[in-house]
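Residue numbers (numbering that gives the first Met the number 0), protein chains in the order written: chain A, 0 to 677; chain B, 0 to 253.
Please keep in mind that the hints were generated in silico from the structure rather than gathered at the bench.
Note that beta-carbon positions come from the ideal geometry of N, C-alpha and C, so glycine has one too.
Hints should not be assumed to be uniformly reliable.
[Said to hold, decoys possible] Derived list of chain A stretches under chain B, where covered just means 3 residues or more per stretch with a C-beta under 8 Å from a C-beta of chain B:
#, stretch
1, 270–277
2, 486–499
3, 584–594
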Amino acid sequence: MKLYLKLALDGVRKNHRLYFPYILIGSVMVMMHYILAALSSTPMLRQFEGGGFLRAMLPMGMWVVVIFAAFFLFYCNSFIIRQRNRELGLFSVLGMSRKNLSLLMLTENLLTAGASITLGMLLGIALEKLAELGMVRLIAEEISYEMRIDGISVIRTAVLFGGIYLLLTLRAIFRVWRTDPLHLLQSTAVGEKPPKANWLFAGLGAGLLIWAYHLAISIQQPLEALTTFFVAVVLVIIATYLLFIAGSVALCRLLQRNRRYYYKPNHFISVATMVYRMKRNGAGLASICILLTVVLVMLSSTLSLCIGAEDAILTTYPHDVLIETHIPSREQMTGENYAARRALLRELAPEQVNVQEYVRGSVSGMFTEDGIIIDAGALEDLSMVVMENIGMVYIVSQQDFEQLTGRTYTLAADECLLLTSRMDYAAPTFTLQGGAPLRVQAVMPDAWQLGADAMNMFPALTLVTPDFAGVTAHLAIDDNNYASGMEMLLAWCYAFDVPGGAESQLALYDPLKNHVRDLSFLRRHGGYSFSLSIREMKRVGFYGTYGGLFFIGIMLSIVFIAAAVLIIYYKQVSEGYEDQKRFAIMQKVGMTKREIRRSINSQVLTVFFAPLLLAGLHLTFAFPLMWKLLMMLNFSNMPLMIVVTACSFVVFGVMYAAVYKMTSNAYYAIVSGKQDNT
Amino acid sequence: MSILEVNHLQKVYTTRLGSAKVEALRSVTFSVEEGEFVAIMGESGSGKTTLLNILAALDKPTSGSVLLDGQDLTGLKESAVAAFRRDNLGFVFQEFNLLDTFTLEDNIYLPLVLAGRPHREMQQYLSPIAHQLGINDLLKKYPYEVSGGQKQRAAVARALITHPKLILADEPTGALDSKSSDELLTILGDLHRLGQTILMVTHSVKAASHASRVLFIKDGEVFHQIYRGDVTNEQLYQKISDTLTMLATGGERA
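Please build the complete structure, drawing on both the sequences and the hints.
The following block contains the structure:
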């Protein structure tokens, strides 16, 4: 056993260029998993309002890390095995049996797994508090500062990663038993077939990418974005792999066919060598490209949300307090029921400023060219219901609207104003199904929002009419019977601000909540129809959600970046070993060292910056999609988002370049270092 | 007129720490006339490879000079040396040194491409050479698809395509079976008869017996040389092996 330990340690030390990064990346994965696991069970999250969302998201993040780590460690491990085949072959020629080799592999894997898990766990425990502090900063809460070790998370992490490493060990042993030692010895010397251009896949990749881009930029409705997003993501991933694996080879072959281009000193060697490089590295490069894109999309959108949160909160909740309750008829608004409720509100919240109140009718249905279909029965008859056209119409009287906006309008009985949000409207008339067409006097885009609509994700129109009763006469008021299918909800909305900031807002929550029964007019669906929004409470929820998203975004970015760095590093190292021989030959047939270095440099640069450029392109085309998705969350600051996205890309570009620089030094050390020995 | 003049070439290798010194070449002097086919023989460690590396300007001598066509190689800068090597020298190596990422055709074109020649001209140059070497049908193949002898013929074609003043061959038959070796030596002999100057380093008596002159190197010096005169390859073979036996048994200089 001692011999195996010595041999294994020796193997790791001799191949430190391969093993140290492998152990390091394993530790990073273990660390991130532990941190996420520990955070999700931290008592702090249970203590405050916005924690619920994070508690739900963190386990998802954990699983992303585990699954990603499994794939990634397998990738790295097979890379190491490939490089070590010769050594194993030599051992077996020197008389080690398969059993010996298996034991050696076992020892070696135990060593690396043990080192990775221990190191990762220690780092995780050390940094967990830091991560918690970062998380708390983002979601703006106060907490206690004490170090802790979360036993359950330690066990969970150890078991999951132990499992991954066990699988790796089994595979290594399986390989030893399956392959024949002489084959191991010669495995690196086998001639490589020239890659064939797969035109079908290359074309398919380009086609899919164009399709995905087209999908992304042709989206109109935010809701459409949600469904399209996943389709586009899948398409882009497939297209990226196809393009890097098949497309790149096809492109090189195309260049080779153009004799005038190909037979030039600058292109000749680069293009011919590139075919092989791309064949070997296509998958790795595509992975880097996708990782980069994911990280960029994740970070730039969550960061935009975080920075723009205050705007979004103000848009969504223009008043400190908003109360909405459904009423069975418009007459209620003049009766004593109403007076009693107003008085109660005055009593519960004595200091009210900027009070706004109005009655709002709302119907949902499917928008057509010049109106909306409300009847669910009528919708069933239509051959196809277009999901994106489903939306809401709010009906407000001119009187209420003038009071709300402080402006006056002149409208005839058959005229209306239309306020659009998340949609466009162009027809000269508007018809509520079953009613008379109303002439549209003016369309105001995103002109005015109040509570209910702002929280919505659907396209919506607000219809302002001088004849509220006449326009809604044909609609029954929904009293929970659904008798006709032609119904409207009628709600009393009451909003006001309170002086004295956050404290006084929060102080109102309990008293109002306790009087729900007395404040609401109607019971619907077995409960009181009553909704209460206090901005300060929503703000906590907002930051809990978006700050939490950003936090998870950062954590996953660290994992993905670490992975991308390692792929780059391994590629540099393996290329270095392969280029040694070529370097020598080229020198003998009449190239200067500078020429060779320039040629190799240009190839390596192309190979490494292609993923970054394609990720940038992906990001550019994903932007409209991201924008539409954020719009659903009431984010509306396009310039901010452009700046944040561009900055994220630049920051990543710089980091990527730094990684390239560092790893290319390793590459040149290999290429020229070995040069001296021959 | 001599195409290559080598004067008092000395090469001393110093170990990394600078303590031990190894003299690979002590004082090598010889010249090669235009149209000659010279073989240089010697045992392992006699300095053959060092000599060839210096002749190819891949290595610099400690002292002495190498004049190729009247020009001193040892004083040139690296970029000038590379261009000079491309234009005036053709190389044939034991390990072929074909780039595995190129077809045979592109491997042969490599020196011309590096010299910036137009593609049409390359094709004109290639077809007679490929025909002469019998590799016309193999041009589109990759090195891993053809035999060692075929690879070596492609390497010879690559050496010839620039119409070099001198071909340097380093153990060209070292990695070939006897049939391929014979074919290659016949090709070199034919080239020689067409007027090509060739300098070949080898320790195969068979290979050397195809040359017009054989130089023997021992302990970093030219020890002996044999001119072919009008003897046949077989007779020359006999003479070379006698000389080698004599060298090995420590006989006096003839």
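*Which of the numbered hints above does this structure break?*
2
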